[in-house]
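Below, each chain spelled out in residue letters.
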Amino acid sequence: MEYATLAAVYRSVEATQADTEKTAALADLFRDAGDLLPVVVRLARGKVYPRYAATDLGVSSSLTQAAVEKATGVDANRIEEWWKETGDLGAAAERAVAERTQRTLASTPLTVERVHDTLRELAEYEGAGSQERKVDAVAGLVSDADPAEARFVVRTALGHLRIGVGDGTVRDALATAFEVPVDAVERAHQLTNDVALVAETARDEGEAGLHELDVELFRPAEAMLARAADDLEAGLADVGTGDTAYLEVKYDGARVQLHKDGDDVRVFTRRMEDVTAQFPDAVEAIRAGVDTDRCILDGELVGYDPDTGDPVAFQRFSKRIKRKYGVEELAAEIPVTLHLFDCLHDGNSLLDKPLAARLDRLDALIDPIPGDIERARHLTPDGPDAAETFYREALSAGHEGVMCKNPEAAYTPGRRVDTMAKVKPTMEPLDLVVTRAKYSEGRRSEQLGRLYLACYDADRDALREVGRLSTGYTDEELAALTERLEPLIRERDGRDVDLDPEVVLEAEYEEIQESTEYGSGYALRFPRFLGVREDLAPTDADTHERVERLYEEQR
Amino acid sequence: MFKAIVSADTLGDALDSVSVLVDECKIRLEDDGLSIRAVDPANVGMVDLSLSAAAFESYETDGGVIGVNLSRLEEFVGMADSDQLVELELDEETRKLHIQIEGLEGTLALIDPDSIRQEPDLPDLDLSAEVAIEGADIDRAVTAADMVSDHIALGVDADAELFYVDAEGDTDDVHLELTTEDLIALTPGDARSLFSLDYLKDMDKAIPSDAEVTMEVGEEFPVKMHFDIAEGNGNVTYMLAPRIQSD
Chain E
0 MEYATLAAVY
10 RSVEATQADT
20 EKTAALADLF
30 RDAGDLLPVV
40 VRLARGKVYP
50 RYAATDLGVS
60 SSLTQAAVEK
70 ATGVDANRIE
80 EWWKETGDLG
90 AAAERAVAER
100 TQRTLASTPL
110 TVERVHDTLR
120 ELAEYEGAGS
130 QERKVDAVAG
140 LVSDADPAEA
150 RFVVRTALGH
160 LRIGVGDGTV
170 RDALATAFEV
180 PVDAVERAHQ
190 LTNDVALVAE
200 TARDEGEAGL
210 HELDVELFRP
220 AEAMLARAAD
230 DLEAGLADVG
240 TGDTAYLEVK
250 YDGARVQLHK
260 DGDDVRVFTR
270 RMEDVTAQFP
280 DAVEAIRAGV
290 DTDRCILDGE
300 LVGYDPDTGD
310 PVAFQRFSKR
320 IKRKYGVEEL
330 AAEIPVTLHL
340 FDCLHDGNSL
350 LDKPLAARLD
360 RLDALIDPIP
370 GDIERARHLT
380 PDGPDAAETF
390 YREALSAGHE
400 GVMCKNPEAA
410 YTPGRRVDTM
420 AKVKPTMEPL
430 DLVVTRAKYS
440 EGRRSEQLGR
450 LYLACYDADR
460 DALREVGRLS
470 TGYTDEELAA
480 LTERLEPLIR
490 ERDGRDVDLD
500 PEVVLEAEYE
510 EIQESTEYGS
520 GYALRFPRFL
530 GVREDLAPTD
540 ADTHERVERL
550 YEEQR
Chain S
0 MFKAIVSADT
10 LGDALDSVSV
20 LVDECKIRLE
30 DDGLSIRAVD
40 PANVGMVDLS
50 LSAAAFESYE
60 TDGGVIGVNL
70 SRLEEFVGMA
80 DSDQLVELEL
90 DEETRKLHIQ
100 IEGLEGTLAL
110 IDPDSIRQEP
120 DLPDLDLSAE
130 VAIEGADIDR
140 AVTAADMVSD
150 HIALGVDADA
160 ELFYVDAEGD
170 TDDVHLELTT
180 EDLIALTPGD
190 ARSLFSLDYL
200 KDMDKAIPSD
210 AEVTMEVGEE
220 FPVKMHFDIA
230 EGNGNVTYML
240 APRIQSD
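From first to last, the protein sequence lines are chains E and S.
Once you know that position 67 of the first sequence is 66 in numbering that gives the first Met the number 0, the rest is easy, because the numbers rise by one and skip nothing.
Once you know that position 207 of the second sequence is 206 in numbering that gives the first Met the number 0, the rest is easy, because the numbers rise by one and skip nothing.
Reference excerpt, derived from the structure (chain E facing chain S, CB under 8 Å, subset only):
| # | residue |
| --- | --- |
| 1 | Ala70 |
| 2 | Gly72 |
| 3 | Arg99 |
| 4 | Thr100 |
| 5 | Thr103 |
| 6 | Ala138 |
| 7 | Gly139 |
| 8 | Ser142 |
Simulated from the structure, these hints should not be mistaken for laboratory data.
Glycine is no exception: its CB is placed at the ideal position from the N, C-alpha and C atoms.
Could you put together the complete structure from these sequences and hints?
Structure below.
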């Protein structure tokens, strides 16, 4: 398939705001894709690897600029200027190709295969000279691209396609193209995290084939998620079993999915990131404490202070997630306990089994080692008083709160379900993306102290602002934050800057108000900075849907 | 099968002329010698190299194509003094190249030739003017232009029968003229094209200063440069696409 065909679809999808038109254009593309369906369906989201592979192409803005300069002969300063004008390096590349100053000896039309394969290879370049090879590879594509093609090649290389297509759009388009139910597509995707596999299955085997897709070892499924409840009473009521719901301590650590096949153990985060290397202690605990060959377990890794035995704040624990070198030293400083609370697979998929049965399997499989690997603390209360006592104890032990669960519920990956509720003392903080900022006045005038925050609209793959934050950090935290944000500045206008939306913050607030000032239609009242969520990508930020629901719930 | 012995000097010069444009290339092994054709990733510069069997102390092959990482191979060859001999032998089983230099032995893993980008078909060009010029004069022109600019114009004034070079920077400029007196030969025809100095500097590095370079130029057309290497037992052709002249 000529890449120009795909670029034309991108262009039309980008040009319309209407979801139905976006869906229809993609559905046509998928129907006509033939053998290229797996490739095209990933490219529709601007990706060349499945999500769980979490492969980074390692393409920076400056590398891309160098490639565009090499391919077009347009001076780097002009490309930079155009980039700043539009905030989009893809648009700058498009213009550079249109106004190219360097002719080529020959030009070969781009194919979808070539663009896909070339970008995939970028991730494999390592070591000395790999940056130059990446520049050459991207320059090769841009050199053969027409202006519109260059726009999308560059955006795909950078990992942000920016055509307003989210997982929801692709899901709907696949359902339309191959006449299968939307729910079946969604479930299959949440189980496999591989949209290419889902697309081929939908086309070749229809709805029945989609239903047969299931969790597999070393291919992480999305985690089942809970809704937030205002208080314990509401939480117990929400999950539908009254005050006899099954209760578990809610820990403040990292949600992990553990895959084990013999001695081969891997640890995945909620973002499907493979963090096995960062947690040798957890891997060892699983080898020692899980008495079966093949399984997939769900749990929370929590860091504890070795002196006091208290859980450490998430900010401190998150160092373990990021650490690539000196892992053992840090593991000694912040040891972790793995608190297990579900079993997805014990050789066979257990997703459709009720929670109670999955927990029986979990008990049968594990041989707890206190402090290393344990069941999450839990209770089936015999009344509201017992539940309340359990909740108070969890809080006083320094944990976040409790989970209320319906023991009859199946495991539904990727969904916020009605059968699980989390109960925490206050208005739950939101994880939000910093999209813009302004330098502070006075003493902190060198610092980016006024931060515009946005939630993520998954269906439109867009960020929508929910307010501005300017308190809650210490001077040190603000300085560190400024240092993080300044390299992301896309455009500067006086003291206002537009940022590449990469940093996710945790913010608390007093309430959510309706507002016409921000793109989300809501504004946070008195937002305060709690910390940077290093473990979250912008697309993991709290969703617009959630902000909307929180707003409704507080009324 | 491929087995050859060649002086480090000859092999090094040949490889240098290619590695200024690409990191990896295909080497075609033919009865009467080897050849390499490669186009840089941005499709701006091309090199066409042939090295005849006569350039080697010994040369045997039954044909084929091998893919090499040029900088790795150059590193190996760089281990030899210029007058030492390099022995090359292809191991068909392992797809590795055995290299032997006076007691130093090594193997170089080859690259699958299919993974190296196919060079595009290039148009035949009929260029209006032809200049025969010494390598040293090209070097002088490129060095002068590089003082003031990123670009260089190469031109022929047919009436005045001279070859000229212009480079204009933001503040400074240079102009160099070579008449028939200074040139080895001139076939006049009006020509002027602008080129990127980045590329031309790289090509210049590979042109021996005592080489006789035949340069073909046209009006906003690519330039072609031919010269001999290995004492006439090999030759290199460079082709470079022009920049678009702004008004």
